[in-house]
Structure formats: structure tokens, C-alpha cells
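J.: Chain by chain, the residues run as shown.
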Amino acid sequence: MTHPYATQLFDLFKHLGPEMTLIVFACVLFVAGLFRADRAAWSLLAVAGILAAFFVLAISPRPQVLSGDSVFAVPLVFDALGNFTRVLALSTGIILVLLAWDEVPERHVADHHACLLVIIAGVNLVGCSNDLVTLFLALEMISIPTYILLYLPKHDDAAQEAAIKYFLLSVFSSAILLFGFSYLFGLTGTTNIAAILQTLHNAEEIKASQGLAQIAMLTIAAGLGFRITAVPFHFYAPDVFQGTSTSGAAFLSFVPKVAGFIAILRVFGFVLPAGVTTPAERSLVGLGLSDQVPILFWFLAALTMTIGNLLALLQDNLKRLIAYSGIAHAGYMLIAVASAPYLSGPDSATSGVAAVLFYLVAYGTMTLGVLALVLMLHRDERPVENIDDLAGLAQSHPYLAILTTALLLSLIGFPLTMGFTGKFLIFFGAMAAQGPTHLWLYPTLAVIGVVNAAIGAWYYLRIIAVMYLRASAKPIETPGTITCLIALLVCVIFTVALSVPPGASWLMNVARQAAVR
Amino acid sequence: MDFYSTLLILLLVIPALAALVVALVGSTQPLLVRQISLGTTVASLAVACVLAFGFLSTRTEMKERTFRPEFVPGATADAPHATTWNLIDFNMGRERSAKGGPKLGAIQFYVGLDGMNIWLVVLTTILMVASVLISWNAIKDEDRVHEFHAWLLLLGFALVGVFIAFDIILFYVFFELTLVPLFFMIGIWGGPERRYAARKFFIYTLAGSVITFLGLLAVVVVCYNKTGQHILTFSIPELVTIFNDLLTNDVANRTFYENFQFWVFLAMMAGFAIKVPLFPVHTWLPLAHVEAPTAGSVLLAGVLLKMGTYGFMRLCLPLAPDASISVGVPVIGTLSVVGIIYGALCAKSQDDIKKLVAYSSVSHLGFCTLGMFALNSTGLTGSLLQMINHGLSTGALFLLVGMIYERYHTRSIAEYGGLGSKLKIITFCMVFISLSSVGLPGLNGFVGEALVFFGMFETRMGLAILGTAGIILGAWYLISMLREVFFGALKEPHTEGHEVEDITPREIAALAPIMAVCLLLGVYPQPILDSVKPDVDVVANILKDRKAKMN
Chain R
1 MTHPYATQLF
11 DLFKHLGPEM
21 TLIVFACVLF
31 VAGLFRADRA
41 AWSLLAVAGI
51 LAAFFVLAIS
61 PRPQVLSGDS
71 VFAVPLVFDA
81 LGNFTRVLAL
91 STGIILVLLA
101 WDEVPERHVA
111 DHHACLLVII
121 AGVNLVGCSN
131 DLVTLFLALE
141 MISIPTYILL
151 YLPKHDDAAQ
161 EAAIKYFLLS
171 VFSSAILLFG
181 FSYLFGLTGT
191 TNIAAILQTL
201 HNAEEIKASQ
211 GLAQIAMLTI
221 AAGLGFRITA
231 VPFHFYAPDV
241 FQGTSTSGAA
251 FLSFVPKVAG
261 FIAILRVFGF
271 VLPAGVTTPA
281 ERSLVGLGLS
291 DQVPILFWFL
301 AALTMTIGNL
311 LALLQDNLKR
321 LIAYSGIAHA
331 GYMLIAVASA
341 PYLSGPDSAT
351 SGVAAVLFYL
361 VAYGTMTLGV
371 LALVLMLHRD
381 ERPVENIDDL
391 AGLAQSHPYL
401 AILTTALLLS
411 LIGFPLTMGF
421 TGKFLIFFGA
431 MAAQGPTHLW
441 LYPTLAVIGV
451 VNAAIGAWYY
461 LRIIAVMYLR
471 ASAKPIETPG
481 TITCLIALLV
491 CVIFTVALSV
501 PPGASWLMNV
511 ARQAAVR
Chain G
518 MDFYSTLLIL
528 LLVIPALAAL
538 VVALVGSTQP
548 LLVRQISLGT
558 TVASLAVACV
568 LAFGFLSTRT
578 EMKERTFRPE
588 FVPGATADAP
598 HATTWNLIDF
608 NMGRERSAKG
618 GPKLGAIQFY
628 VGLDGMNIWL
638 VVLTTILMVA
648 SVLISWNAIK
658 DEDRVHEFHA
668 WLLLLGFALV
678 GVFIAFDIIL
688 FYVFFELTLV
698 PLFFMIGIWG
708 GPERRYAARK
718 FFIYTLAGSV
728 ITFLGLLAVV
738 VVCYNKTGQH
748 ILTFSIPELV
758 TIFNDLLTND
768 VANRTFYENF
778 QFWVFLAMMA
788 GFAIKVPLFP
798 VHTWLPLAHV
808 EAPTAGSVLL
818 AGVLLKMGTY
828 GFMRLCLPLA
838 PDASISVGVP
848 VIGTLSVVGI
858 IYGALCAKSQ
868 DDIKKLVAYS
878 SVSHLGFCTL
888 GMFALNSTGL
898 TGSLLQMINH
908 GLSTGALFLL
918 VGMIYERYHT
928 RSIAEYGGLG
938 SKLKIITFCM
948 VFISLSSVGL
958 PGLNGFVGEA
968 LVFFGMFETR
978 MGLAILGTAG
988 IILGAWYLIS
998 MLREVFFGAL
1008 KEPHTEGHEV
1018 EDITPREIAA
1028 LAPIMAVCLL
1038 LGVYPQPILD
1048 SVKPDVDVVA
1058 NILKDRKAKM
1068 N
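If you read the sequences in order, they're chains R and G.
Its first residue numbered 1, the first sequence is counted upward by one per residue in the working numbering.
Its first residue numbered 518, the second sequence is counted upward by one per residue in the working numbering.
None of these hints come from the bench; they were simulated from the model.
All C-beta atoms in this analysis are idealised placements derived from N, C-alpha and C, irrespective of residue type, glycine included.
Among these hints, one or two may not hold up.
Partial pick of chain R residues on the chain G-facing surface, computed with a CB cut under 10 Å [stated by the list, open to error]:
| # | residue |
| --- | --- |
| 1 | L169 |
| 2 | V451 |
| 3 | I455 |
| 4 | S505 |
Using the sequences plus the hints, can you model the full thing?
T.: Pasting the structure below:
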């Protein structure tokens, strides 16, 4: 007897082309790396692998045909959100290869890039997950290579401590996540996310076991909160960023956040898979689990951005600063997550999920860009580790200084950069959201958000001020590597081009399509 | 697109392009950089003048109850005062829903001229020319002349943009854009405490304006949520109409709107009051003015502060009218009077001439807000005129202080005396401008101040009487300064041997237009008052209606 959904399940492999391509290239790299250490060749091969995955993605059949109720059986859905995640992950992959190009020791290049390709495939799968088990495996497909990735480029004590620290906490968070998943399974009797959301939306008897749903919600939020560095699960970030290599910090600053936010959108039902029907009186998405979901994210957002920004004020080390700034930006994105359930009507002008997706892109370009600069200029004989080390950059590297200024202004949220357009979408959504209990709940969150944006301006501006307004006793003479320069340029171009029309309208449109079922 | 719309676009394009060209010319040809800057700013001034005359001659009688920008680029024959140039369309290519569905608008490139902004634009272009001229020799580091001028021109671009924007987001974008050029101008070419001043200026004003941004968004959102049709628009004229219709018609939600306006008023006040600056959030101003290079001070005092008062008039009064009446009059009226007197007293006690002028700004901007929050046509007109007057006279005062500083390298009043016997023309200009600033009849300051107080006497007699004290104090500190620096026995600071010359032709070229306009505005202000009135009356009528409803 064949499985009732055999065709649909077999059909999935047709859509998995990009991921399989990545894995094949990763295997080739792992094996080939044993025989030769060749920086340029293996890096180019990695880039070629990602480009091949792009190509396969472009020609792969679309859309996925889900007949009847097969959405409640398939472990993967290849919808707009999935494709958004895949394009984002693949593009990030190219930037990360460029950043790691010269930093990783030559004998580890192949292993490093192979791990990176596996991770990218993992992020892709997170974006398409429709099953708790698949989602968990996809998340582990990101975590496990990450431990190796953090260890490979640098072998000093600090780097090892960072890798161990990340390893222990990551395993811990995975366990918590799995614990939460098990409650969901216990509540609904299935691991299929669409089926879970459908059951939770409809079943009245679930109300009786609210307590269980709340435990599931809290533990899942905690497990994923680690990846997006939400306070209070953020403690590892500054230490690990400082200890590990710069390309490792660049990786950690962005990739786990993408996976974490997409997983949140999927598991909590902020983006419902097509086929899930909601009763009219509970048409708000994201409320399947419990009405307290938005409130939980409300508090997470407020805490995360405030603590991230306040602690960032105290930092002198650039990578620690970027870590805290990443925490703060995760907080801004959580504002959009928290307001998303109340912005989801078909005619709505704003969409919380689209704002998250837009801001993810913004955050990625500006943060990776800044780290590209650090990577470019840092040399052991003339370190660029603290903010003050950038003094006089405007004199020694005027063009680099102006490019970096654009990125920092974007981090501040200044007009004509993606940071502004993204914050505009987030705050506009928060102002428009009319919460369940209290009219002023979300505008209050927006006020906390803008106050934080102003606090954030202080430490970003400090970097600009150091570059332009101070001279250095020992000017930076590093010319910088071409790969990092390309990465920096790409980041700046995206930061500016996607902040104004037509780029902004295009990305907004794409993000909104990804946000609806 | 007609002739004038094209000119309006040019007004933005010229400085932006010039900034780019200047930056690309590079450090090797400082003279070329200066010539390009001068040429383009003069061209902008010419364009602005043509637009002003065009505006005066083509304006027809206003029937609308909201702002009506002219020369809008991208306007159609059906809607000559709106634009079709969408920047970010929230409708996202979907079919516009049939009747009853939401009307999702777009963030638009919506610029235009009306009586409220045309003269501020002219003021900006005049002061831009003066700024370029005064910086001719002031930037010592020849390698970085191109950077300085690029920032200066970019600042000019943003300033014009703030005034002509009629889209609420576009307004905010330009509003914020002014910060970056000034940050660099103060931070790189400023005085000894430039770094601290630049950062304080940037953060202080940014912190206020992000709150203002939320206030603006709140108005857009309420117009969207509360209208039956769900109209999403970012156009300022439309928002004014929709919001005031809601206030009039949606009686059921009256308490909601009262609370809402209170918070919106506070939010807008946060940004605009810092920009004006009102007492007690003025502390960034003396620091930034004193540390900035002369061109920076001229534009900061002359134009940048007006962004605050202009924002109040364009956005705060029409979009939070009830709160302006109930909260604005007592709170801002009082703060203005305190600012007038406190600023004047601080100015009197300064030894640094530049600081004196900076504090005089605090005092004089108090007149602007005082007149505005008289909330009647007279007061608003006076306030608008006073913005222009203050821009001219304080801009010129900073120019003059800069000239003296360039000659003697000190700004301490105590080190000077009797300069009148040596620098005859500079002294004449200084006396002339000081008298205009003080409000001598026959010069521009008088007309504005008189209207401000006529307006305020109708609304709050007590505040008006206290405010007039500021005029006397103003005369006191400015004329004392004149006496000590320019009259009496000659006392010069040590000049290290080089001969000090009187005014140069370049400096005359910077000052003369400003002085001419001062005189013109003092003797014959009627055309400007007439052109301003219809647009100011839009605001005044809204406030009058709301007052009638409240009683």
C-alpha cells in the first residue's frame, strides 16, 4: 500500500534542488580540501556552488502543487516566504565567503567554506519548514557546522573560549526548543506545523489546556530567542563576537538571526501556510497558540532593544559594539513581530511580517558592511579592534570612510538608507496596530523604539566622529583586501539602493508577498 | 510640466549636483571649488527670485480650507495642486478597490510653493550665497576646501527641501538630512570644542525629531483607521482636510481626539521645540553656534532654526488644533516669554560677541513662537515675518562677527574698543543690522515684532506685556555691545603686525543684499504680507473654527 501523500512527498525532491546543490558542493569541498590547500580555488568553488544553487532555484518548478489537504502532511512548503529566505541566505553566503576569503588559514579554507555551504542549506530549509522535526533538523544543520566554523579561523585562547561558549549555550537552547516542541506535539498529536496551527485555531478544548500552550510558547520563544539574541538570552553574543574571528562574528551577527526570525514566523503562525483556515472570530494570525503571544514579544522587544542599546553605549571594542547593536536591532525587529497579529487584514496598509523581512535585509547589509571594514583594515601590527583605532580614517582612506559613514547612518536609521526605510515600516506598523486590550499598547512600544533609536545614534555617531574628527598618531596604512572591498561596496550599494524607490518599493512588495499565505 | 515646476525642481537639483561636482573636483583646485559653489548658489538665488515673482503674479484667490501649493511638479490638469509622483506606493500594484474599500495612497515626491514657504526659500538662497562668500578665505586647510563646500551645498539642498516638501515623510527626510552636513561642518571646521558641540547638536536634535516622526505617523494612522473609507495618505494638505473633518464630524469619539491631539502635540513639540529652540531645551544652541564656522552659524541661525517654527506652523497647529489652543498657548506662550527674557539676560552677560549673538537668537525666536501661539491671523503673519527678519539680521550679525574675527582672531568684547574709527564701513553695517535686529521702525524687525505683539495682545495680554520687555532688553545688550566694541577710544587686540583692512568687496557682496532686503522689508512690507496672508489664514481659520467649537 502506498502512502496517501506519496506523490506530494516525492514531489518535494524536485523543489530541493538548491539545497542539494549546496550539499554536493560542500561534500566536494570537504574531500578536496584533504588533498590541497588552495585559498583562491576553494573560495571560488564555494562561490560557484552558491551561484549554482541560485541558478537551480531560478529554474526549479514553481509553484509547489499542494492538492487538497496535503499541506497537513508535507514537511516542507515552498511558498513565497521560503523563496525569500533562500534568496536572502544564498546572497548572504556569497558575502560571507568574500569576508572569510583572506582571514581563514589556508589549510582550513575548504573545510570552512564547506561548513558555510551546509549552513546556508540549513537556513534555506528553515525557511521552507512545515514540520517541527524538519525545522529542528534544519536548525541543527545550522548549529553543528557553526561550531566548526567558529573554531577553524583562529586558534588562540579567546577564540577557543568563544567557540566552546557558543557550543554549550547553543546545545542548551536547542534542548529547550525541543522541549517546547514536545509540548506542542503533546497538545495536538502532530508535528506538522500547518496541522498544529489549524488545530490550535479551531479546537475549543485547547482552551482547557492553556497552561500547556503557554509553556510551549515560552520555551520555544526562549530556544529561538537565543538565536536572535533576544534579551535575556543574549549573554553569549558580546564575548563570542569579541573572541572569534571577524568573519565568524559577521556570520554570527546575521545568519542565526535570519534562521531564528523565520522560525518564529513559521512556528508561531505569523505566516500561515496556504490551506490553513481560520475561523472568522480568530482571523488574527499569530494567535493560534495563545493570545499572549504578542504580549510576550512586546516585552521581549522592549527589553531587548533597551538593554542592547544601553550596554552598547559602554563598549569600546568594535566587535562587542556590533554584538550589542545586533541585540538592539533584534529588538526593533521584535516590535514588528509583536505588532504583526494586529496588522494582517487583506486590505491592510502595513504588515508586521513584511517589516521584519525588510528589516532583516537592512540589518544584514549594514552590519556585514561594517564588519567588512574592520576585517579589511585590521592587521596584527596595526590592529583595528577598538573604536579609537579608526581615528583619522577620513584622512588615510577618505572613500572607505564615506562608505562606512553611509552604513553607520543606516544603523542610526537615517533617511536615504535602508535603516530608515526599515524603521519607518516597523514604527508605522506599531502605530497602526490596535492591540487587543489597550489602545496605547503599541504606540508605547513605538515610543520606546524611537527613544532607543536616539540612544543608538550616540554610539554609532561616536564611530563617525572618531573617523572624521580625530587624527591618529599611527595612521592606518593597510590598503585592504579586494574581496572585503567588494563585500563592503555591495553592502553600501544595497543599503542605499533599497532605501529609495524603485529598490525600496520592490523589496517591500517582495516582503509583503512573502508575508501573506 | 510647466516652466515654474521645472524651476522648482532645479532649486533642489542645482545644490545637490553642485555638491557632487565639488566633491569630485577634489582637493587640488580650491579656487575652482569656490567658484563653482558661488556660481551655483547665485544661480539658485536667481531661480528662487524668478519663482517668487512668478508666484506673486500667478497666485489666484484661495477658496480651499487647506494648504494649496503652487508649481507642483507632477501635477495633472484635474488636480493642479497635487502630484502623481509616487515614491513608495502602498497600494502595491493591486487594483484600487471598488467603493468602500481602503484608499491606500503613496509616499510622494510632493513639493510646491505657497505663501508660507516661498520667502523662507528665498531667505535660504540669499544666505547660501553669503555663506559661500564668507567662507572664501576662512577655510584654512586648502586640502579640504572641497569637502567643506560639498557639505555646505548639501545643507542648502536639504534646507530648501524641508520648506518646499508637502509630503509628511518627505518633509521628515529633509528635516533629518540637514543634520549630517552641519555635523561635519561643526565637527571638522569648528572652534576648539567642536567635537563635543557637533555630537551634542546631532544627538539633541535627532532625539527630538524621532519623537516628532512618531507624532506625524500617528496622524497618518488615525486618518487611516478612523475614516470610514480607510484613506491612507501622506500629503500634508490632504491630512489637514481629513483630520479636521474628523474632528468636526466624528463627535462620538470626541474624548479620543482630545487625548490623541494632546499626545501628538507633545510629540511634535519635542522635535520642533528643540529646533527652535525654546527654553529650556536651547542648551545645544549657544554651543553649536559658537563652535561652528561662520558659514555654519549663518545657516544655523538664519535658516535651520526656522525649520522648528515652520514645522509648528505647517504641521503642529493644523494637525493638533485643539491641543494647540488648550496646551500650546499657556505652555509655549510662557516658555517663549521666559526664553525672550532669559535669552536676553544671557546675551547681556556674555563677553564673547558670537555667544552674545547666539543667545540673542534664543531671545528673538521667542518672539516667533509667541506670535505664532497668539493663534490668530495677525500673530501668525507676524511670526512668519519675524522668521525671515531674524534670518536676515542674525545671519548678517554672524557674518559681521566672522569678519571681525578673521581680522583680529578674538571675539572677546573686552579686547575691543572704538573700532568705528578704523573699520568705518563694517561699523556702519554692524549698527545698521543691530538696529534692524532691535526693531527700529523703518527696518524689518519693527514690522514683525509689531504684528507679533498685536496678535498676542488679543490672546493673552499678560504674556504680550512681559514679552515686550524683551525688546527693551534686546536694545540694551546689542547697543551696549556696539558702544563697547565700536565707539570710544580705539583699542585693538594684538594683530601680530599685519595691517587690518576695512571691508573687502567680497564681504560687501555678502552683506549688501541682506541689508537691502532689511531696508525694503522695513519700508514696504505690504507685498510680502499680502502674499503670506491667504496661507496663514488657512491655519488661522482652522484654529478659529476649533475655538468656536470648544466654547
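J.: Confirm or reject each hint.
T.: We went through each hint and held it up to the structure:
1. L169: Since chain G brings no Cβ nearer than about 34 Å to L169 of chain R, farther than 10 Å, the hint is violated.
2. V451: 8 Å, holds
3. I455: 8 Å, holds
4. S505: Holds, about 5 Å.
The structure fails to meet hint 1 from the earlier list, while all remaining hints are met.
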